[in-house]
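Listed here are the chains, written in short residue letters.
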Amino acid sequence: MTIPDDILMAFADGELDEATRQMVEAAERDDPDVRRRLAAHRQLRARLQTAFAATLDEPVPERLLAAVRKPAVPVAAVTRLADRRAAKSGATARKISMSAWPAFGSLAASILLGLGVGYAVWHAPDDEPLRASADGVVAGGSLAKALSTQLAAERPPDRVATIGLSFLAKSGAYCRTFSLSSGGHADAGLACRDGERWRVHLLAPDANDGSARSDYRTAGSSDSPQLRSLIESEIQGEPLTREGEEAARRDGWRLR
Amino acid sequence: MSTTETTENIQARIIELLPRLRRFARNLTRNPHDADDVVQIAIERALTRLDQWHRDARLDSWLFRIVRNAWIDEVRSRARRDALFAPEEAGEAVGVAAMDREADRLSVEAAMARLPEEQRAAVSLVLVEGLPYKEAALVLDVPIGTLTSRLARGREALQVMLQRAEGETA
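Protein chains in written order, with numbering that gives the first Met the number 0: chain V, 0 to 255; chain L, 0 to 169.
If we strip away everything but chain L, and leave its shape as in the complex, we get:
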């Protein structure tokens, strides 16, 4: 490796990022088990492609992007596999874990889970993971304008769902 940062160093940084990668993957997949599978695939891919990471780019954004691409691949291969193995492959659909005691958390999670994937990814990166628009747009490989419009639509939908869940009226 031609830079000052060693592989060990990067591995340590990836380990620090694991909780956030898992959280992002969980928002994306809406299933904790799938989320960890996707993170694992992403880690494996990332480690074999460290040479493709530009050192001036943010490591978290780069990994979020690999996680998202791994999930897209997974969804595609699942569609393909389902076509082949449909009857016996119909695994049980594990919903978002409903073990949270806080009612608010449940309703926020439920509302998030109902967003279309594109909006969910945008909301998750900006509002949950706190990425700047520029970074989130890079992760999703879309122009900033597309990101902000997905974000706006996602926000609106969340507001509506959460208000309804609480019986509030604006």
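Bound conformation, chain V alone:
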């Protein structure tokens, strides 16, 4: 009697019911062919286990440990913003959104404000790319200008901010990723249009910054995992093409 290979595999994986298992065991005793095939399956399993066992002993990078310990910053700020506002004004959205996102508002704001203060120091006094406002961080100075006027493909030589990609968010606002560089340090961020302002939803160290590749700046091209993750969760459709960006710019980054 021949036993199909999938049964032998399931046997090697410990997935068979009692009756079938006994049948295979009997065949293993009596049939050299079954014995040989089973040995091959067991051997493969063992080799895979051995080959990949060492990975488990590698030290886990600090950034992963930190990601578990700290509540994540890059929450889906774009769509949650309305909830946060509603929460502030005591609307009914409060219970649901705020319990699901504990302390997001204060945490994100304090981190962004901290960065904002830093930028105020690093940049020329008349340029303030990140500004704290009553309800969050907004783009100012060279960043606001870049967000409103620069196309993603453009790389003006004296730029402080470079635009990565532009897209329409599920919230209905235009959003653009950017990279802000200052004194050899760069942050990648996401800003979305809010009325006449660009609200900054995320700012994270640019993953390319400080590495051997720092001479080739990828410009808010979502190299930060948080940024990528935020874009993934917020984007509606595809990023804007050059024509799409030009049209949006003509309309003042408002949906017509």
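Hints were generated in silico from the structure; no laboratory data involved. A few of these clues could be false.
Unchecked claim - Below, in silico cross-link-like pairs of lysine to aspartate or glutamate (DMTMM-like), each with a Cα-Cα straight-line distance of 25 Å or less:
1) L/133 / V/231
2) L/133 / V/14
3) V/144 / L/72
4) V/169 / L/72
5) V/169 / V/126
6) V/69 / L/4
7) L/133 / L/155
8) L/133 / V/193
9) V/69 / L/7
10) V/169 / L/50
11) L/133 / V/5
12) V/69 / L/72
13) V/69 / L/155
14) L/133 / V/24
15) V/169 / L/73
16) V/69 / L/73
17) V/69 / V/231
18) V/144 / V/126
19) L/133 / V/4
20) V/69 / L/50
Got chain V; can you put chain L on it based on the hints?
For chain L alone, kept in the frame of chain V given last:
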């Protein structure tokens, strides 16, 4: 949180699972750097969605699934980004780290890396991570029959590649 398990408690359990999550992600992405990025994204997602984890479900399976979905998203967004940034975004392709001294380990890794993604994920979950078929099927969001057929094809391909690598003949 309405259950007996506190968030701190779950965070501690996730930390214990990190080595396995990294290993799974590495088999999936075939690139240690990508793997850690994907794990980081998955952790962030998991922590904001703890309320979606059913306490009677296995935490490791739930996290493996988030890791895999994060990788699928990443592959998609990469394709999209490559279309936009193609010339200057062509990053160096980091192969599977070739620093292992054991010849066997190298050949097993190389063989794994050559499997199609679906088979690699199935083999990785069942044969490396030791998940039961039922759990692995949940992670991959496929029926058990699909899982076992991917597993069978992956196994066959590995057998062939490994035998060839060693010059053995069956």
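Okay, the hints, checked on the actual structure:
Between residue 133 of chain L and residue 231 of chain V the CA atoms are separated by roughly 29 Å; this puts the pair beyond 25 Å, and the hint is violated. Distance restraint check for residue 133 of chain L and residue 14 of chain V: the Cα-Cα separation of roughly 10 Å lies within the 25 Å cut-off, and the hinted pair is therefore satisfied. The straight-line distance between the Cα atoms of residue 144 of chain V and residue 72 of chain L is roughly 31 Å, outside the 25 Å bound, and the hint therefore fails. Between residue 169 of chain V and residue 72 of chain L, the direct Cα distance comes to roughly 17 Å. Compliance with the 25 Å bound is thereby established for this hinted pair.
Pair hint residue 169 of chain V plus residue 126 of chain V does not hold up; C-alpha atoms about 31 Å apart against a cutoff of 25 Å. Our distance criterion of 25 Å between C-alpha atoms is met by residue 69 of chain V and residue 4 of chain L, whose separation comes to about 18 Å. About 21 Å separates the Cα atoms of residue 133 of chain L and residue 155 of chain L, which keeps this hinted pair within 25 Å; it holds. Restraint check for residue 133 of chain L and residue 193 of chain V: not satisfied, since their Cα atoms lie roughly 47 Å apart, outside the 25 Å limit.
With a CA separation close to 10 Å, the supplied pair residue 69 of chain V and residue 7 of chain L stays within the 25 Å bound. Only pairs whose Cα atoms come within 25 Å are accepted, and residue 169 of chain V paired with residue 50 of chain L is accepted, the gap being roughly 23 Å. Annotation: proposed proximity of residue 133 of chain L to residue 5 of chain V holds, straight-line Cα distance about 16 Å (limit 25 Å). In summary, the hint linking residue 69 of chain V to residue 72 of chain L is supported, as the alpha carbons are separated by about 23 Å, within the 25 Å threshold.
A hinted pair counts as satisfied when its Cα atoms are at most 25 Å apart, and residue 69 of chain V with residue 155 of chain L does not qualify at roughly 43 Å. The straight-line distance between the Cα atoms of residue 133 of chain L and residue 24 of chain V is roughly 23 Å, inside the 25 Å bound, and the hint therefore holds. Using a Cα cut-off of 25 Å, the hinted pair residue 169 of chain V and residue 73 of chain L holds, with the two alpha carbons roughly 19 Å apart. At most 25 Å may separate the alpha-carbon atoms for a hinted pair to count; residue 69 of chain V and residue 73 of chain L meet this at roughly 23 Å.
Note on residue 69 of chain V and residue 231 of chain V: the hinted pairing holds, with a Cα-Cα distance of about 21 Å set against a maximum of 25 Å. A hinted pair counts as satisfied when its Cα atoms are at most 25 Å apart, and residue 144 of chain V with residue 126 of chain V qualifies at roughly 11 Å. The suggested pairing of residue 133 of chain L with residue 4 of chain V holds, with an alpha-carbon distance near 19 Å, which does not exceed 25 Å. Under the criterion of a C-alpha separation no larger than 25 Å, the hint pairing residue 69 of chain V with residue 50 of chain L is consistent with the structure, at around 17 Å.
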